[in-house]
Structure formats: C-alpha cells, structure tokens
Amino acid sequence: MITPAEKYKATIDEAVAHLISRAENARGLIGDDVRPRIASTLEKYLFRQNAHAGHDDIKTFVAEIRADDLCLIMACERGDEKAWEDLLANFDSTVKSAARKIAAGAEDADDLASSIWAELYGLRQDADGVRKSKLGYYSGRGSLAGWLRAVVSQMAVDQFRKQSRLVQIEEPREFEKLAEESSNHSGNDHVVSHAKSPEELLTDKETAGDVTEALQTAVAALEAEDKLILKMYYFDDLKLKDIAAVFGYHEATASRKLVRVQTEIRRSVEKTLRSRHGWNDGEVKRHLSETAAGLGISFEKMFAVLLAAALVQEFIGGGVL
Amino acid sequence: MELEFDKEIDALLRKARSDSPAGQAAPDSDHLDADEISAFAENALPEMTRQFYTAHLADCDRCRKTLSSVISMRSEAAPEAASSGAFIPIAAAAPWWTKFLAGPNLAYVMGTLVLLFSGFLGYLVLQRNPRPGNAEVSSVYEPESRAGGPSAAEEPQLLPDANASANTNAPAAANTMANAPRNPANSMTTSTNAATANVARSGVTVGSADSSVSAVEKSPPTTADTVTPSAGAAAPRTVRELPLTARDERQLELANEKDNVALAEQKSKQTGNKRAMREAPPAKSALSKLEGPRQNNQDNAQQSGNMTQASAGRTVGGKYFELRQNVWYDSSYRGQGTKTVRRGTSDFLRLDGGLRYIVEELGGAVVIVWKQKAYRIQ
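From first to last, the protein sequence lines are chains A and B.
Last residue of the first sequence: 321 in the working numbering, with the numbers rising by one and none dropped.
Last residue of the second sequence: 699 in the working numbering, with the numbers rising by one and none dropped.
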C-alpha cells in the first residue's frame, strides 16, 4: 500500500525546497535532510486525521511550518555547535522563565532548566548507544518557544509525580478530602459553622451531592470544545482572552460560548434533578440556590485546608501542578 | 436574546472543579506530546487534527493541565517579551526630522513659508514698480466725499460717468472763455470761474484760478496715461487714479487744445504778437490731428514734440508750458530757484511719477514747478 508520503512525493519535495528557501538561515540543511521530518509531520498531523488530504493541503501545511525554528533544531540534532550556541542564546531565558513558574523556588527552577537542556541535548542513550534527544519531536508547526514551554511543563509533571504523592493532577480532590476530614474533627470546629442541626447538615450535604452529581453529568455531556473551554476556565483558571486565542476567535466569542454552556448546564442539571430525584421546579431552584450559597461554608473549610496544605507542600519541597 | 451570566451555575462550577472526578487514566502513549500540545495552544493544527485533539484534551486532565500551563506561560511571556524587547524587533528610533516631516507639521510650516514668501515677493514688486500717479503724485483728484472737500482752488473730480457731461461742458467752458471780457486777467478769471462753475456742475475738473485754464482732470485715466493735474500755487491735491479710456483722453486733449487756442488768441489780441498768431494754427492743426484716431504714446510724443517747436505753449498733465530758448517753462514758475536734475539719475528716478511723465512728454530741458518746488530737468 502506498503511503500518502509516497503518493505525494513530488509535492512534498517541492514544499520542502520552498521551506528551505524561506528560511533566513537554513544552516546548511538540504532537501534530503529535511524531507523525512516533514514527511513524519505530515503523517502525524495531516494524513492521520484527513485521509483525503490533497496537494493543496500539503503545500499549505508545509508553508505554515516555521522554517527557521525547524532548521535550528535539526542543525542542533546534527551536532552543529553554532546552532547550539544560537539555541541557548535565544531560548535559555524562555526555559528558565517557564521553570520558575512551575518550580517552587529559584534553585528548583535552575535545576529544572538544567534538566531540560540535558534532556534536549540527549545525555541519555538508548540500548544501541544512540543519543536520545527530545529535539526530534519538534515538528515546526508551533513556535520553538511554545514547544520548549510544553517540554518544561511535561517534564515538571513527570518529576513531581515521581517525587511526591501530593503533586498530582487530582490535587484539588485531595484537598477536598482533607477538608472533609478536617471538618469532621473536633479540633477544627472553629472552622465549620454549627448553626444547623446534624440532620439539616446531612440533608444539605446530600442535596449538595445530588446537585454536584447532576452538574458533573451535565459537564460530561457537553461537546468536546465546550467542555474544554469550561474546564480551562473553571478548573485551570485561564482567562477568556487566552482561551479564545487557543481556538482562534475573539474574547467576546469565548464569553458568549461560556454563557451558552452555562445555560445548557442549567437546563441539563434541572432536568436531571427533576427526573432522577423527583424534585419539582420550586425544589430544583431552591436546592440549586442553597447549594450555590452553601459555598461560603465550603470555602471556609477550603481556605483553612489550603493553608495547611501549603505548609505541607513546603515541607515536602514539591511543586504544585 | 442576550444571555446573562448565570451566577448560580458559575458558583456551582467553581465548586465542582474540586469535586470533579479524575479523568480516565489513559495510557501514557495516548497522551499528547509537547509538540502536539504547543501546536494546539498556538492554533497551528489542521482543523480535523484539532478536533481530534480537542476531544482528547476535554477528557484528559493531565494533558489539559499541561496545555493550560503552556497557555498561561505564553500569556505571561508575551508582555515580558514586549517590555524586554529581546525577541521583538524594535525599530530604530526615527530621527527628529522624520517625525517632523511625517506629521501634519510639514504642511503647516510649508504653507506658512509659502505665504510669507509670496508676501515678500509682492512687497518687492510693489517697491520696484510703483504705480505711476500714486496718491502722492496726485494724478487724479480725490472725490468730494473726502474730508476737507474740494476747495475753491481745488479741482473737482471727474467721475467716469461724467464723461458725457465733460464732453459737453468742456467745449462750453472753452466757449465761455472765448467769450470772456476784454480784461484778460478778469476775463480769464471770470471765464475760468464760469468754466469752473460749469464743469463743477458737470463734474469736470478745470485748471485753478491762478493757473491757466487748462483742463486738468482726465476722466478715468489709464494707468499708463495717468497725468498729473496742475497744482500750481494751490494746495497740493491728493488724487485718485481712475482708468482713462482712449476716447476720454482724446476729448480731454481736445478740450485742452481748444483752451490753448483760445488763450493764444487772447494773447495775440492783447499784445498784437504775431508770434502768438503763428502759434495758434499749429494748435489748431494739433487739435485737428487729435480729433483723429489717437496714436500711441510715442507717436503722441513726436506730435507733441513737433507742436513744441511750432507753438509757444503746450499743456501736458494739466500744466501749461511755454517754450523759451529751447526750455519749457511751467506757467506757474515765477523765477524762483530751481533744483537741477538730470534724466536717468537716481535723483530723477526719485521724483514723482507725474513729474517724470510730464518731463518725458515735453522732452528737452524743462522747468517745472512741482509741489511748490521748482525743478530744472535736463
């Protein structure tokens, strides 16, 4: 079976030649050097998802590759000393800045940055003695600075996941568990309000649980893009402006999408509460309102536990991700 | 319908982030690598690939967290890069003169310069070429509306619309003078006064009582033909130039010559001077010539020159001159001391334009009284 790369060989060769000509500094690379990388990139990003990609799609795809960044990385792969000097000179600050945002302290940030450069240089070797470098994963579709930031983020996650059980993606859930546990201890009675009776508190807790469950069901049922936007906004605290830039539209569009998602979630939650728990409209609205208002109590617990968790984190010496 | 931000759902979702179940534990091989995440964060993927990655990121907390971290770092790095200028090319500071030329300042400055330069040029032109018969030269008498008004010695204005009346009254004035009484002085005065009265009614200007009866006013003189009226011993007159048509000039000359003829006849009668009689016919001949089509200035000068040799008197610019020993003498000259000025000298050029015109018209040596000063031009 002929692969798309073989099928469109001439088009790919032409696109590669044009890419090299676009680069201000091709660093001595020729078509044969670059062609394999372009072919794998095409396979990864174009042919895999679009079986009907044609000549124009290929030309457009290759034309959007950042020629200078790609040539720099490929020259570094080949051991070009000048290319390495340029890479360090231009992007060392990017790596260090990313490391400082992830790591807890300056020392950890420097260590992380050094690890990144070592990983990029390929200090490790595989079974065949071939130097393993992450440089080979750069396709040139995104910017080299963005790729380096992603490398730093992933490496930081890998490092901290190995170092500490607390440094996990599900950390907020851990915090919530700690908050629930601490609220049940007598020592933390000053944190939790005891205005209600135990029966009322239990009822409130079950109601909140039902609302939360309906909410999670509603979120899971969202379209992929809507779900991703919602999670990036509410779970990752990203700004609508940055979210909109990822998807290529205006901030106002992202805001409208978010409001539409909220409306859709409300409709879904109310429907679930009515159908699953038999609540009428009045009860649905009341319980939703009470659950939303009940955040004050939850926040009190959350803040207290967050402070305690921060101290624990400092003790362990891990970062938060 | 504009959707409003749902605060309750917003609060519930913020709470839900802590309660959200962990994403399905996908194998590491299914997670997105750094290149995919960075390309997704920069919206640098084909649409179909992008949709595939969106579906993964929506359910994979790990990859979504990495993506969010990359986005957060990029947004923070953008203003830093702008402030540091490390990766953003900064245009070289433009020199001050480019900013000066780039803005609208240049237009304002150039416009101002053009205006100033034009005004300066106009001033120079006016200074170099003063109009003949300017106000000081008094080529045209001022209108009666001016302060002070015309005195008895002053000559009333000749207005453009008074040409017809001037044409009518000038001969009448001449006839009046011709029929003046025997006493030359009285007759002249009487005739002059009568003529003055007549022309005053018509608006035609005539000579002063002390001077000859030469008509003085030229109705709308042309700029080239502006002549200076005779001020004589009278107070200096300020005049106003008026365009003079060819027909008007002809008529005025005709009137002047008729006056000259009448004067010459009177003199001949009084003194019995045959010379005066001999001078009269040339005036008549000159008169007949002038009644024809008007020649150009140069031809007129030649004719005047011919007339000069043949006649004892001539009226130019409202002043009467007599030729004596090849020198033209202003009738208002009383023997006072003269200032000698040679033609073509700077002193001559500084003289009033009206004076210079009369001198050029007469030619040769001229003794003229101008603004109570006697000049000898030669």
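Hints listed in this document are in silico derivations from the structure and should not be mistaken for laboratory results.
Among the hints, a few may not be true.
Straight-line alpha carbon distances no greater than 25 Å define the calculated BS3-like cross-link-like pairs of lysine-lysine that follow [as the list claims (entries may be wrong)]:
| hint | chain 1 | residue 1 | chain 2 | residue 2 |
| --- | --- | --- | --- | --- |
| 1 | A | K96 | B | K692 |
| 2 | B | K692 | A | K227 |
| 3 | B | K386 | A | K134 |
| 4 | A | K162 | A | K134 |
| 5 | B | K386 | A | K241 |
| 6 | A | K271 | B | K328 |
| 7 | B | K386 | A | K239 |
| 8 | B | K386 | A | K44 |
| 9 | A | K227 | A | K257 |
- request: Would you mind confirming whether the straight-line C-alpha gap from K386/B to K134/A stays at or under 25 Å?
  value: With a Cα-Cα distance of about 20 Å, the restraint between K386/B and K134/A holds, given a limit of 25 Å.
Note to self: Would the hint linking K386/B and K241/A be met if the CA-CA limit is 25 Å?
What the structure shows: This hinted pair holds, its Cα atoms lying about 17 Å apart.
Please verify whether K386/B and K44/A have alpha carbons no more than 25 Å apart. holds (22 Å)
Check your understanding: Does the alpha-carbon distance linking K162/A and K134/A stay inside the 25 Å limit?
Key -> holds (20 Å)
- Is it true that the CA of K227/A sits at most 25 Å from the CA of K257/A? holds (11 Å)
Proposed proximity, K328/B with K271/A (alpha carbon, max 25 Å):
With Cα atoms ~19 Å apart, K271/A and K328/B stay inside 25 Å; holds.
Discussion item. For K96/A and K692/B, compute the direct alpha-carbon distance and say whether it is at most 25 Å.
Written reply: violated (99 Å)
Query - Straight-line alpha-carbon gap K386/B to K239/A, limit 25 Å - result: Holds - the C-alpha atoms of K239/A and K386/B are around 14 Å apart, at most 25 Å.
message: Holds or violated: K692/B and K227/A, Cα atoms, limit 25 Å.
response: violated (107 Å)
Of the numbered hints given earlier, the model fails hints 1 and 2; all others are met.
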